[in-house]
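Assemble the complex: chain A is given as a structure, and chain B must be docked to it using the hints.
Keeping their order, the protein sequence lines are chains A and B.
One point on numbering: in this note's numbering, the residue at position 645 of the first sequence is 645, and numbering is uninterrupted.
One point on numbering: in this note's numbering, the residue at position 52 of the second sequence is 52, and numbering is uninterrupted.
Honestly, I wouldn't trust all of these hints.
As the list claims (entries may be wrong) - Pair ranges (Cβ atoms, derived): (1) CYS544(A) - SER122(B): 51 to 61 Å; (2) GLU9(B) - ASP598(A): 29 to 39 Å; (3) ALA375(A) - SER122(B): 50 to 60 Å; (4) ILE12(B) - GLU564(A): 39 to 49 Å; (5) SER422(A) - ASP37(B): 49 to 59 Å; (6) ASP598(A) - SER122(B): 51 to 61 Å; (7) ARG40(B) - GLY664(A): 40 to 50 Å; (8) SER382(A) - ARG40(B): 47 to 57 Å; (9) VAL7(B) - GLU564(A): 25 to 35 Å; (10) ALA557(A) - VAL7(B): 20 to 30 Å; (11) SER122(B) - SER382(A): 51 to 61 Å; (12) GLU564(A) - ASP37(B): 36 to 46 Å.
Calculated directly from the structure, the hints in this document are not laboratory data.
Even for Gly, the Cβ is constructed at its ideal location relative to N, Cα and C.
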Amino acid sequence: MALKTEMPLTFGSLFRKLLLYYSLALLLGDAVIILGNVLVAKSRGLYLVFSSSFILGGSFVMLIVLLSYSFIRLKSLRLAFQPDFEERERRKLFARLLTFPYEIYWGIGVFAIVLMIAFHVGDAIFRQLSWSSLDAVFWKGLLGSIMKEMSIAITVGVLIFTFLRRLFRNFLRQLPLIDPSDVGKSTVLNPLLLTIVSTFAIALLYLQDLNAQAEWEGVPPDSGAMAIFSLFYFALGLAVLSMSATTFRDELRDLIEGLKGLADRGRRLRSPMPVLARDETGELAVAFNSLQEKIAMEYEELEQELQLALKVQQKLLPASEHSFGRYEVAAVCRPHREVGGDLFDVAPLDGGRRFAFIIGDVSGKGVPAALIMSAVMVLFRSEIRLGGGPGEVLTRLNRQLCGTIRDNAMVTIGIGIIDTDSHELRYASGGHMSPYLVRGESATMLSCSSLPLGLEDEVTYEEFCLTLAENDVFVTYTDGMIESIGEGEGFALFESMLMPPGGQELLIAHAERMVERCGASTGSRADDRTLLMVSRRPEAAAECVWEMKSRPGNEKAIVGQVAEWAVEAGLPAARADDLRSALAEASINAMEHGNGYDPEAKVVVEACRNGIRRIVIRVHDGGRGFAVPLPDRESMSDGGSEPDVPRGYGLRMIEELCDEWRLGNGAAGFYVELIFETRGEMA
Amino acid sequence: MTEGLSVAEERIESALLLRLKGDLSRDSEGQLLRKYDWERALDGKLQYVVLDLSEIEYINSGGMAVLIRLTRQGRKGGVHAFAFGVSPHYQKLFRMVGLTETLMIYDDEDAVFQRIEALRDSCGEL
Numbered sequence: 001m002a003l004k005t006e007m008p009l010t011f012g013s014l015f016r017k018l019l020l021y022y023s024l025a026l027l028l029g030d031a032v033i034i035l036g037n038v039l040v041a042k043s044r045g046l047y048l049v050f051s052s053s054f055i056l057g058g059s060f061v062m063l064i065v066l067l068s069y070s071f072i073r074l075k076s077l078r079l080a081f082q083p084d085f086e087e088r089e090r091r092k093l094f095a096r097l098l099t100f101p102y103e104i105y106w107g108i109g110v111f112a113i114v115l116m117i118a119f120h121v122g123d124a125i126f127r128q129l130s131w132s133s134l135d136a137v138f139w140k141g142l143l144g145s146i147m148k149e150m151s152i153a154i155t156v157g158v159l160i161f162t163f164l165r166r167l168f169r170n171f172l173r174q175l176p177l178i179d180p181s182d183v184g185k186s187t188v189l190n191p192l193l194l195t196i197v198s199t200f201a202i203a204l205l206y207l208q209d210l211n212a213q214a215e216w217e218g219v220p221p222d223s224g225a226m227a228i229f230s231l232f233y234f235a236l237g238l239a240v241l242s243m244s245a246t247t248f249r250d251e252l253r254d255l256i257e258g259l260k261g262l263a264d265r266g267r268r269l270r271s272p273m274p275v276l277a278r279d280e281t282g283e284l285a286v287a288f289n290s291l292q293e294k295i296a297m298e299y300e301e302l303e304q305e306l307q308l309a310l311k312v313q314q315k316l317l318p319a320s321e322h323s324f325g326r327y328e329v330a331a332v333c334r335p336h337r338e339v340g341g342d343l344f345d346v347a348p349l350d351g352g353r354r355f356a357f358i359i360g361d362v363s364g365k366g367v368p369a370a371l372i373m374s375a376v377m378v379l380f381r382s383e384i385r386l387g388g389g390p391g392e393v394l395t396r397l398n399r400q401l402c403g404t405i406r407d408n409a410m411v412t413i414g415i416g417i418i419d420t421d422s423h424e425l426r427y428a429s430g431g432h433m434s435p436y437l438v439r440g441e442s443a444t445m446l447s448c449s450s451l452p453l454g455l456e457d458e459v460t461y462e463e464f465c466l467t468l469a470e471n472d473v474f475v476t477y478t479d480g481m482i483e484s485i486g487e488g489e490g491f492a493l494f495e496s497m498l499m500p501p502g503g504q505e506l507l508i509a510h511a512e513r514m515v516e517r518c519g520a521s522t523g524s525r526a527d528d529r530t531l532l533m534v535s536r537r538p539e540a541a542a543e544c545v546w547e548m549k550s551r552p553g554n555e556k557a558i559v560g561q562v563a564e565w566a567v568e569a570g571l572p573a574a575r576a577d578d579l580r581s582a583l584a585e586a587s588i589n590a591m592e593h594g595n596g597y598d599p600e601a602k603v604v605v606e607a608c609r610n611g612i613r614r615i616v617i618r619v620h621d622g623g624r625g626f627a628v629p630l631p632d633r634e635s636m637s638d639g640g641s642e643p644d645v646p647r648g649y650g651l652r653m654i655e656e657l658c659d660e661w662r663l664g665n666g667a668a669g670f671y672v673e674l675i676f677e678t679r680g681e682m683a
Numbered sequence: 001m002t003e004g005l006s007v008a009e010e011r012i013e014s015a016l017l018l019r020l021k022g023d024l025s026r027d028s029e030g031q032l033l034r035k036y037d038w039e040r041a042l043d044g045k046l047q048y049v050v051l052d053l054s055e056i057e058y059i060n061s062g063g064m065a066v067l068i069r070l071t072r073q074g075r076k077g078g079v080h081a082f083a084f085g086v087s088p089h090y091q092k093l094f095r096m097v098g099l100t101e102t103l104m105i106y107d108d109e110d111a112v113f114q115r116i117e118a119l120r121d122s123c124g125e126l
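Only chain A is shown next, with the shape it has when bound in the complex (with noise of 0.2 Å):
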């Protein structure tokens, strides 16, 4: 059930069902005691008129004195709603609508005193009594009236209150929370209490009056009135006795509600509990903000550990895209809670000719598996240094993960191994999900089934090789990627994705669109999602060549004409400066180590764009090649060892200033390669 949400209360629609509630009770009390005049007394005439305006301008007065008396004492109401009304006013205000309705009561109860007494001194002056005709009879017809008419006062009052307590109960639902510690406890037997014992009582003066009535007239007690009035009671006093039963029990179902939102909802807690009352119920909605306080100083703790962690984590994974040659790498992570088990990593070997990737799913989730992901993720990248294939590293790898994770706890992972010049891809996997090439238009499963590592620890792994053609993407995954289980998800909507984009998609948004379809994100199956593609981009034709021959200055000329044709091709301007003096540079060392400075021989710079946003920029010499060693920074800034003339400069300015930068023997002799990144879609 949820919570009742009620029209929200001004003073003014307050005041408005103030009037209405104390004008229907009075009326009712009113309608009472003129039907029994009318029905059982017997009261006709003047004297009916007389009385009944006695009762209705009673009446009036007891509406206009209950009305200011509850202006008079709740007109802070009016400001309870700003926002600079203080703390001690509001708790003075929730003590005050909590007592209201019991002055009401007991206010309806004096009020009601005095005006029987004016009604019967006015009754004797009316029928011109003298104090010696009041003899026993008149006494006793006397206390039957007075009993009835208490009677009615108390149907009235407890009507009243009962009235009362329901509507202050939305007023305090509205009011912000408060600490009600130091307003005055009650208890839930007050209210019911009050109300058996009125309704027992108005039963029991109404059947007295009845009686003495009878015994007035010297006439037996008029059995239907009796049963009338008998009935009409019972039926009241159910009424206002349900009505605070149901108060009671909306409160603990309240209550029952916040608890069960508190067991189902997990860390996203629900606003405080109203405190209505300072019964017990007040006192359990007490406990349960206090407790809900308590959790969510927990779940904020724990949350900003599980942040931290996630950072961590995000710190260890490497960035979404990489590149080495002609391939990209793209790859995404999505963690299910905000730390996972899923990693991936890729790191460059002899100096970006070839490079490794690594795909891996820790069994279990959260902590627990984002740990273990770290320990594979450090162990990778020091065991891929030392050497080997990919089945050599899994291995190794298997091994020191055997030492160090528990029991029950394994990890599946994949490694392959690219060289970019031979374009040989070797694979090992190690209970991984089986890998996809995606070649043309269709995706095919490279089986290589084996046992993930953790379980034994003298499993040797073996690989597989293939040969990876131009425009070939080697396609790797976790198990979260395909476990949604409705029709075409699952391995269908995985391969139907695999297909090459089209257009000039990247192979990053590919890979981002792919994890935001594929497997199920959330439900009782959801679980962290890696993928990791590898692209092997075509050779591009070079689109603008260049020569110069090798005299000292004519790259100058070059250079400015190579910019040029970058920025149009889509290099950001702030790096034309950078590519000016990388490619110099490179035209530079062409014509000094190349070509020897042999005026006839050429330096050749051929331009292309590769892939969808980047640019190469290709330095041919004549000659085989030559090495110059890349100073360091210290010897570049060492005063003391300085050389005649300081050397390799240029190198390390091309190192600096490009995003990549390769050397490589074409058919046309020994090349430097200068890559840019345009980082957005080319001209």
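Showing chain B alone in chain A's frame:
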């Protein structure tokens, strides 16, 4: 072809201001290194050398090597080297090759000479 380098000298007390124009490359050695005896601070008459690079269009690694040698030799002779009019790109390259450790770069000529004044004051000489 590079445009070559032209150098205009101005002597301001113990400072030598060299206004450079054109390209800085290895070919600039003759005009900037061989012509001056930086290690002996031009026979002790020089305390500061200021390079105006605002009209330099092109600097390659050879040119940077010349500047590095100039400033290192000057330092041996007690000559402080300053430069102004250096584009952000070349400032980056200067930092890259460690030239900024021996060559102090300022935005303009005034800033350089204010600094020189401050240095003279702190040394108690004019």
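Now for the hints, and whether the structure bears them out:
At roughly 56 Å, the beta carbons of CYS544(A) and SER122(B) sit within the given window of 51 to 61 Å. Between GLU9(B) and ASP598(A) the beta carbons are some 37 Å apart, a value that agrees with the proposed interval 29 to 39 Å. Distance hint for ALA375(A) and SER122(B): a CB-CB separation of about 57 Å, consistent with the stated range 50 to 60 Å. Taken as a hint, the range 39 to 49 Å holds for the pair ILE12(B) and GLU564(A), whose Cβ atoms sit roughly 41 Å apart.
Judged by the Cβ atoms, the range 49 to 59 Å given for SER422(A) and ASP37(B) holds: they are separated by roughly 57 Å. Between ASP598(A) and SER122(B) the C-beta distance comes to about 54 Å, which sits within the given range of 51 to 61 Å. Remark: the range hint 40 to 50 Å for ARG40(B) to GLY664(A) is upheld by a beta-carbon distance near 48 Å. In this structure the hint that SER382(A) and ARG40(B) lie 47 to 57 Å apart at CB holds, the actual value being about 54 Å.
In this structure the hint that VAL7(B) and GLU564(A) lie 25 to 35 Å apart at CB holds, the actual value being about 30 Å. Range check, ALA557(A) to VAL7(B): about 23 Å between beta-carbon atoms, so the 20 to 30 Å window is met. For the hinted restraint 51 to 61 Å between SER122(B) and SER382(A), the CB-CB distance of approximately 53 Å keeps it satisfied. Evaluation of the 36 to 46 Å hint for GLU564(A) and ASP37(B) yields a pass: the beta carbon distance comes to about 43 Å.
Going down the numbered hints, you'll see the structure goes against none, and every one checks out.
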